[in-house]
Amino acid sequence: MKFFQTLLRIDRRIIYLVVAGLVMLPLVRPLGLGVTSGPRAQVLFDVIDSLPSGKTVLISVDFDPASMPELYPMMAAVMRHAFARDLKVLICGLWVTGPGLADRALSEIPPEYGKEYGEDVVYLGWKAGVDAVILGMGENIKSVFPVDYQGHPLESLPMMNEVAKLRDIPIAVIFSAGDPGYRDWIRYGQTRYGLRVSAGITAVSAADAYPYLQTGQLTGLLAGMKGGAEYEILVQKSGYSNAYMPAVAAMDSQSLAHVVIMLLVIVGNVAYFATRKRGA
Amino acid sequence: MHVSTDILTWLAVVLTLGIFSFLWKDNPFYKFCEHLFVGVAAGYTICVTWHNSVYPDLITPLFGQGQLLFSIPLLLGLCYFARFIPRVSWLIRFPMAFVLGWASGVAIPAALQADVLRQVQGTFLTPSIFARWDVFLWALISFVGVVSSILYFFFSREHKGALKLASETGIIFLMVGFGASFGYTVMARMSLLIGRFQFLLRDWLGVIR
Amino acid sequence: MKRNIPLVVCLVMGVSMMVQFFVPHPVSVAYYELTTRWFRIVAAFALVLGTGSLIMYHSDKIQRKRQGWFYSVVTILAFVATAVIGLGWGIKRGTILQDVIFSNILVPLNASMFAILAFYMASAAYRAFRARTKEASLLLIAAFVVMLGMVPLGANLPFRLPALVLLTVGVAVGIYLAVRNQNWRGVLVLGLLWVLLGLAVRFLFAPRFGAVAEQVLSYPNMAAKRAIVLGVALGAVATSLKVILGIERGWLGGGKS
Amino acid sequence: MTALLLTLLLIAQVQPAAGFDPPPVPPLAAPVSLRAFDTPNDQGKSITLTWQPGSGPLPEAFVIERTELGTGAEVVASSPPDQAVFRDEETQDRRPYTYRVGAVSGSDTAWSNPTAPVMSSPQFFNTTRVNVLAAMVIFFALVVYFIETARRGKSLFVRRIAGLDAVEEAVGRATEMGKPIVYVPGLAGIDAIATIASINILGEVAKKTAQYDSALLVPNRDPIVYTVAREVVKEAYTKAGRPDAFKADSVFFITSEQFAYAAAVDGLMVREKPATNFFLGMFWAESLILAETGATTGAIQIAGTDSVFQLPFFITACDYTLIGEELYAASAYLSREPLLLGSLKGQDYGKMIILAVVTLGSALLLLSGLPAFRLFSRITDLFTTG
Numbered sequence: 174m175k176f177f178q179t180l181l182r183i184d185r186r187i188i189y190l191v192v193a194g195l196v197m198l199p200l201v202r203p204l205g206l207g208v209t210s211g212p213r214a215q216v217l218f219d220v221i222d223s224l225p226s227g228k229t230v231l232i233s234v235d236f237d238p239a240s241m242p243e244l245y246p247m248m249a250a251v252m253r254h255a256f257a258r259d260l261k262v263l264i265c266g267l268w269v270t271g272p273g274l275a276d277r278a279l280s281e282i283p284p285e286y287g288k289e290y291g292e293d294v295v296y297l298g299w300k301a302g303v304d305a306v307i308l309g310m311g312e313n314i315k316s317v318f319p320v321d322y323q324g325h326p327l328e329s330l331p332m333m334n335e336v337a338k339l340r341d342i343p344i345a346v347i348f349s350a351g352d353p354g355y356r357d358w359i360r361y362g363q364t365r366y367g368l369r370v371s372a373g374i375t376a377v378s379a380a381d382a383y384p385y386l387q388t389g390q391l392t393g394l395l396a397g398m399k400g401g402a403e404y405e406i407l408v409q410k411s412g413y414s415n416a417y418m419p420a421v422a423a424m425d426s427q428s429l430a431h432v433v434i435m436l437l438v439i440v441g442n443v444a445y446f447a448t449r450k451r452g453a
Numbered sequence: 007m008h009v010s011t012d013i014l015t016w017l018a019v020v021l022t023l024g025i026f027s028f029l030w031k032d033n034p035f036y037k038f039c040e041h042l043f044v045g046v047a048a049g050y051t052i053c054v055t056w057h058n059s060v061y062p063d064l065i066t067p068l069f070g071q072g073q074l075l076f077s078i079p080l081l082l083g084l085c086y087f088a089r090f091i092p093r094v095s096w097l098i099r100f101p102m103a104f105v106l107g108w109a110s111g112v113a114i115p116a117a118l119q120a121d122v123l124r125q126v127q128g129t130f131l132t133p134s135i136f137a138r139w140d141v142f143l144w145a146l147i148s149f150v151g152v153v154s155s156i157l158y159f160f161f162s163r164e165h166k167g168a169l170k171l172a173s174e175t176g177i178i179f180l181m182v183g184f185g186a187s188f189g190y191t192v193m194a195r196m197s198l199l200i201g202r203f204q205f206l207l208r209d210w211l212g213v214i215r
Numbered sequence: 022m023k024r025n026i027p028l029v030v031c032l033v034m035g036v037s038m039m040v041q042f043f044v045p046h047p048v049s050v051a052y053y054e055l056t057t058r059w060f061r062i063v064a065a066f067a068l069v070l071g072t073g074s075l076i077m078y079h080s081d082k083i084q085r086k087r088q089g090w091f092y093s094v095v096t097i098l099a100f101v102a103t104a105v106i107g108l109g110w111g112i113k114r115g116t117i118l119q120d121v122i123f124s125n126i127l128v129p130l131n132a133s134m135f136a137i138l139a140f141y142m143a144s145a146a147y148r149a150f151r152a153r154t155k156e157a158s159l160l161l162i163a164a165f166v167v168m169l170g171m172v173p174l175g176a177n178l179p180f181r182l183p184a185l186v187l188l189t190v191g192v193a194v195g196i197y198l199a200v201r202n203q204n205w206r207g208v209l210v211l212g213l214l215w216v217l218l219g220l221a222v223r224f225l226f227a228p229r230f231g232a233v234a235e236q237v238l239s240y241p242n243m244a245a246k247r248a249i250v251l252g253v254a255l256g257a258v259a260t261s262l263k264v265i266l267g268i269e270r271g272w273l274g275g276g277k278s
Numbered sequence: 300m301t302a303l304l305l306t307l308l309l310i311a312q313v314q315p316a317a318g319f320d321p322p323p324v325p326p327l328a329a330p331v332s333l334r335a336f337d338t339p340n341d342q343g344k345s346i347t348l349t350w351q352p353g354s355g356p357l358p359e360a361f362v363i364e365r366t367e368l369g370t371g372a373e374v375v376a377s378s379p380p381d382q383a384v385f386r387d388e389e390t391q392d393r394r395p396y397t398y399r400v401g402a403v404s405g406s407d408t409a410w411s412n413p414t415a416p417v418m419s420s421p422q423f424f425n426t427t428r429v430n431v432l433a434a435m436v437i438f439f440a441l442v443v444y445f446i447e448t449a450r451r452g453k454s455l456f457v458r459r460i461a462g463l464d465a466v467e468e469a470v471g472r473a474t475e476m477g478k479p480i481v482y483v484p485g486l487a488g489i490d491a492i493a494t495i496a497s498i499n500i501l502g503e504v505a506k507k508t509a510q511y512d513s514a515l516l517v518p519n520r521d522p523i524v525y526t527v528a529r530e531v532v533k534e535a536y537t538k539a540g541r542p543d544a545f546k547a548d549s550v551f552f553i554t555s556e557q558f559a560y561a562a563a564v565d566g567l568m569v570r571e572k573p574a575t576n577f578f579l580g581m582f583w584a585e586s587l588i589l590a591e592t593g594a595t596t597g598a599i600q601i602a603g604t605d606s607v608f609q610l611p612f613f614i615t616a617c618d619y620t621l622i623g624e625e626l627y628a629a630s631a632y633l634s635r636e637p638l639l640l641g642s643l644k645g646q647d648y649g650k651m652i653i654l655a656v657v658t659l660g661s662a663l664l665l666l667s668g669l670p671a672f673r674l675f676s677r678i679t680d681l682f683t684t685g
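Quick mapping for you: the protein sequence lines, in order, are chains E, H, C and Y.
In this text, residue positions in the first sequence follow this note's numbering: the first is 174, and each later residue adds one.
In this text, residue positions in the second sequence follow this note's numbering: the first is 7, and each later residue adds one.
In this text, residue positions in the third sequence follow this note's numbering: the first is 22, and each later residue adds one.
In this text, residue positions in the fourth sequence follow this note's numbering: the first is 300, and each later residue adds one.
By construction, these hints were calculated from the structure, which means they are not laboratory data.
Even for Gly, the Cβ is constructed at its ideal location relative to N, Cα and C.
Keep in mind that a hint or two might mislead.
Going by beta-carbon spacing under 8 Å, a handful of chain H positions derived as facing chain C [stated by the list, open to error]:
#1 Ala88
#2 Ile91
#3 Trp210
Restricting the straight-line Cα-Cα distance to at most 25 Å, the calculated cross-link-like pairs of lysine to any residue (SDA-like) are [unchecked claim]:
#4 E:Lys228 - E:Asn415
#5 Y:Lys533 - Y:Gly597
#6 H:Lys166 - C:Gln88
#7 Y:Lys546 - C:Gln88
Sample of chain C residues lacking proximity to chain Y, with all beta carbon distances greater than 12 Å (derived) [claimed, not checked]:
#8 Val29
#9 Ser37
#10 Ala102
#11 Ser144
#12 Val210
#13 Ala248
#14 Ser261
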């Protein structure tokens with residue numbers, strides 16, 4: 174029993190080193206364990222793939238730098254897909270940290286497809302007051318964002334002539350790491366203005382999206398890094414992009430990490446019950 | 007392996023390791039990073055709020071275009087600062103009354119529509135469940151799941167007899183639901199760590215692509 | 022006076038926005054757009070207020086030289102520097118705020134803060150996540166099924182055999198305990214459970230973990246989360262109603278009436 | 300819009316260059332059963348047209364012509380062949396208009412007969428939202444009824460939540476050990492329901508710490524919640540007859556940034572070594588940082604949140620967790636406040652109505668499979684809203 178007692182008293186820093194090592198290893202030496210294929214990512218892919226060219230996809234940046242590893246790759250993949258399909262991309266955001274992330278995406282992705290700011294992509298920036306922003310955009314986007322993030326008046330941007338309110342947008346993909354996020358877009362954007370909502374969310378809130386998937390309030394879902402990797406594969410397989418796929422590259426580490434966590438829980442519980450039975 | 011020579015990347019690396027040092031133990035370097043974070047985050051919020059919200063939504067219409075009606079939200083907003091003046095600190099109740107009243111008034115119909123009516127509609131068993139025996143069984147299981155989970159959150163009667171059985175079934179479904187969330191959360195946490203390692207290994211040490 | 026007028030304002034705003042929801046008339050839409058713009062402005066001020074109390078807290082800590090006041094100096098300096106740079110030179114791409122402060126200070130700090138969660142998860146998995154109760158063990162089993170189903174390593178593993186083995190072992194242990202303290206009803210229930218779950222695993226669940234995880238997520242998990250969404254929505258509506266009708270006055274706080 | 304129209308008509312004029320006569324094409328059929336009506340449930344200035352394509356092949360497009368009494372006819376739009384509905388958004392209210400829809404194929408257009416004059420006007424009630432109104436009225440009636448009965452002092456039964464024994468025991472433990480209690484009222488704003496419930500429980504806990512004179516630390520993340528929490532704790536200390544024991548800086552604000560706040564509370568727990576930690580309110584990803592660090596300091600931890608994302612952590616890492624609405628029930632039960640109990644009962648009966656509707660509705664819907672009860676299949680439509 175002494176063995177189990179020492180097992181329980183292992184310093185947690187050793188656990189940290191084990192986890193760090195197992196996560197870093199596949200990044201340096203890829204193990205090629207592959208990626209799962211999910212039905213929920215396919216639904217969103219098919220919707221965007223079927224949109225007639227020239228339509229505008231709304232992207233809402235509702236996350237912060239901390240959630241970039243999960244949400245940034247999938248946002249990039251969706252943007253690449255939209256540009257490859259000659260769709261216009263309108264970006265806005267409900268989190269105060271959104272502007273920095275949207276700026277970065279604007280500098281990296283449109284040039285890959287020769288897309289012009291104002292012509293093919295516009296970034297509206299962030300505004301305080303979550304429900305007020307969505308409801309405002311439902312009536313008239315200009316009333317909420319008279320000028321875009323750079324300060325140009327919306328009238329001066331050719332793309333904005335065809336998009337006046339939420340009803341002009343065939344699908345909105347909400348990249349959300351918590352609240353405010355896709356539920357606000359459903360509760361205010363969809364119920365009042367019939368906005369079709371899809372979401373790319375951090376894995377932690379993925380399981381809670383299923384009631385909205387079952388009623389059809391959510392059209393497709395990208396859940397965590399796995400959802401991002403699935404969409405990256407879909408975009409690459411249909412020849413829309415051959416850019417570097419960070420999410421796919423990280424899936425090997427995910428596999429190892431999950432195995433480690435499961436082993437830790439099992440060993441922890443075995444040691445716990447072994448010592449408890451002796452009344453230790 | 008070519009280590010980055012960009013001073014800004016090194017700054018980011020130092021701060022990353024500063025936060026990671028909290029894993030070893032709480033130390034002055036971590037405290038510095040923690041307080042730096044608090045200050046920068048607050049400053050960033052101020053700047054973005056000013057440039058994106060206060061200036062275009064209030065300053066331009068009120069002072070630029072002279073729409074005097076906007077002096078009302080300005081006054082309401084300023085009342086927030088009455089909190090720092092003890093004698094008139096009760097003034098803060100006006101902006102709060104406006105914010106809470108408006109938010110509640112908007113939230114009620116929206117919540118009833120999206121979270122109640124729509125979810126009830128999704129729970130109905132329709133003849134389509136007879137399509138296949140497994141569709142039928144899963145539909146029945148989901149239906150029993152929703153009903154029993156709701157009964158777990160029933161507080162008006164002691165959980166005895168049938169109600170006890172229902173709430174015990176309910177807790178099983180709730181635990182499976184939380185287990186599913188738990189599983190996904192492991193992926194979420196690991197993704198963030200992988201993201202930081204990708205930054206350290208690629209942008210800093212240049213070991214990976 | 023200082024309590025009744027705010028309560029009236031709250032009542033008027035609440036009722037008017039609820040009524041507005043049902044009235045598509047242009048006057049109602051205009052009223053709605055106006056109050057929405059006002060709400061955004063006042064909400065922005067609330068954010069600025071938060072910073073005010075933060076500065077008060079830290080500067081007070083510096084004046085009183087309380088323990089760790091030096092770090093408060095760091096916070097105040099960082100705040101002032103960021104605010105001045107941001108307000109002065111703007112927040113767009115190419116500005117110091119965006120390229121230096123956001124990308125190389127806020128991002129690494131925020132991201133690293135989140136990343137250490139993974140380490141906490143690992144140590145908590147080892148030391149805190151115990152199958153103490155029936156519910157906690159059910160939670161962990163469901164978590165294992167979903168985790169295996171999500172990750173390429175586990176998704177293609179066969180589900181049925183290990184599940185049947187685990188089920189049989191679990192029921193056997195349960196029956197052994199029930200027999201030991203003569204709980205015959207327990208033995209019967211466990212036997213029935215074994216048959217039912219065995220059939221479900223054999224016929225209802227998919228053959229591989231990947232598809233099983235999707236089934237667990239789409240049916241039992243969906244049912245549980247729907248019940249919670251319904252309950253929380255009713256709670257939200259009830260509380261919003263109490264705020265509007267002035268029954269819920271917590272936000273007024275105590276003090277002079 | 301008119302430019303698009305002209306180009307379309309131009310294309311239609313171009314004759315097929317082939318020399319031979321095209322085979323006799325069946326005559327182009329004009330659209331039939333054309334109906335024009337004021338668009339329902341809108342703010343006016345809009346008229347909706349619906350029609351059926353005539354027999355024979357589908358035309359290349361439909362052309363919509365509007366005539367305002369006293370002024371000339373004007374072609375306003377064209378719509379693709381598969382669409383048999385059009386919303387004219389450029390009408391003036393209270394002005395009569397008549398419409399004609401033409402099926403265009405090649406050079407000729409077959410016009411339908413004109414509609415009767417119709418006027419657009421705004422509506423005062425959106426009929427597709429009557430079910431939301433019904434739900435609202437029923438639920439408000441329940442909540443107000445139970446609150447009135449509670450106000451009249453009639454005792455309303457609410458079962459005791461097992462978590463509440465844990466809360467009282469945990470406060471007692473902190474008092475015996477003479478160590479502080481850390482109370483985190485969640486990270487959401489004052490408008491979050493969980494925050495209001497948490498503030499209520501904070502009031503009760505503060506009353507106890509006032510009586511036993513044990514230290515209470517309440518770190519806040521939201522500026523408004525900070526002001527409310529400070530007032531509630533001060534009031535609790537005065538109600539407990541110990542206004543002097545209330546220390547102003549025991550309730551303080553840290554930062555509005557989520558993770559800076561979590562790290563700061565961690566630092567606080569490591570330094571102060573509290574006996575009991577309360578995490579009651581709305582939480583996001585930082586919940587694990589708080590619960591794990593709290594566990595390492597050996598404190599008893601009671602959590603409660605309606606954030607379904609964070610509940611798995613609290614359930615596995617804390618000693619007791621109030622799940623979702625149990626937090627609301629706890630705040631009502633603990634404070635015995637008639638108003639809270641009243642609204643809780645209102646919600647309970649709201650759930651009973653939902654359960655009744657769901658079970659009865661499902662039964663009838665399943666019956667609608669049989670031809671005799673086909674009518675019941677429309678039950679689901681009752682729950683759709685515009």
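Practice problem: Determine which of the earlier numbered hints do not hold for this structure and return their numbers in increasing order. | Solution: 1, 2, 3, 5, 6, 11, 13, 14
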